[in-house]
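**Student:** Given chain A, put chain B in place with the hints provided.
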Amino acid sequence: MGLEKAMGDSFVVTKLNEAIRWCQKNSVWPQPMGISCCAIEMMAFASSRFDVSRFGSEVFRFSPRQADLMIVAGTTTYKMAHVVRKIYDQMPDPKWVIAMGVCTSSGGMYRTYSVVQGIDQFIPVDVYVGGCPPRPDNLIHALMMIQKKIEREGSKEHHQAQPIFIDQPPTISV
Amino acid sequence: MIAQRAAEKLKERFPDAVLSVSEFREQILVQVETSTVRDVCIFLRDDEELQFDMAIDVLGADRLVVEGTSEKADYINDPFDRQIRSKKQEISMNERFEVIYVLYSNKHKEYVRLKVSVAESGQKVPSVAPVWKSANWAEREAYDMFGIEFEGHPDLRRVYMPEYFEHFPLRKDFPLMGIPGSLPLPDKQ
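Protein chains in written order, with our numbering: chain A, 1 to 174; chain B, 1001 to 1189.
One chain only, chain A, in its complex shape (with noise of 0.2 Å):
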């Protein structure tokens, strides 16, 4: 491993919270729920150019017990949203939410009888990320907000969690 060159035969004090939070945060699993298009965004953000295994959160769970995070990521119609509860509630505690795109977060574009105007109207929700569909960069953002939310808060219950909104892309230094 080479952490025992480092660390030699000194040791780390800390409180078994702050280090399991620390360990939850560094493994944030998806479960990609990619309803549409932003789910192509999302591979890209899963994939080699943004490459999110430096966050941790390389392994995509199909199986929803496996994850911790639900990215939802497109056009949630009335028809879909009961699918998307029902892999919500099969996802093991302690889980999080993110809205991808305008559409999971308020319906977008698609104002009309068929599309739930907000994802928020049957799952609570941590981060809502703008753009239509969002950069990797920004999707990445909302991974972070996740983590710092993970760090601050620990795995309280979902729902009384506050949620974050993100509109803009974090400004990027080359």
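Any given hint might turn out to be false.
[As the list claims (entries may be wrong)] Selected chain B positions facing chain A (Cβ under 8 Å, derived; list incomplete): (1) L1176; (2) L1183; (3) P1186.
Keep in mind that the hints were calculated from the coordinates and are not lab data.
Here a beta-carbon is modelled for each residue, glycine too, at the ideal position from N, C-alpha and C.
**Tutor:** Chain B alone, transformed into the frame defined by chain A:
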């Protein structure tokens, strides 16, 4: 133009069924009598010369609002007020809906369109799903969106909307944002 030839042949073969033939930008549209549409379609498919062997689409249309009249804007502003309809529109309720068939001949690489009118309630259109298999889901879509019923369809269920949904969303008198409570959401805990 094989489509023109098809119109001529239809006039010859079904003199009572063909109501009108019109042309727009070299596209032939044949209006036929609703009850005869399946026979017309079988003829177009099986005729040696024509061979319209493919149904590209079967689609519904709602003519509740007459195109180009001022009633249109009033009506959309107040979709529940049925009194806005003029007398002309009341008469047209006997032909409120249309079903349009877009047929293609793989031999001639040409299209022909058929149109039938359907009354607001009670009238059924003979299904062409037994003629072309591709018409099956297209007719289900027209049923789902407009409530046009097809007689002799093997499996006339909704396609897009949930099966418990009671309305027909592409009708002109259906409000844009839907009818509150008609599509339930799961409970938020």
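**Student:** Each hint needs a verdict: does it hold in this structure or not?
**Tutor:** Status of each hint after checking the structure:
| no. | hint | result |
| --- | --- | --- |
| 1 | L1176 | 6 Å, holds |
| 2 | L1183 | 4 Å, holds |
| 3 | P1186 | 4 Å, holds |
The structure shown violates none of the earlier numbered hints.
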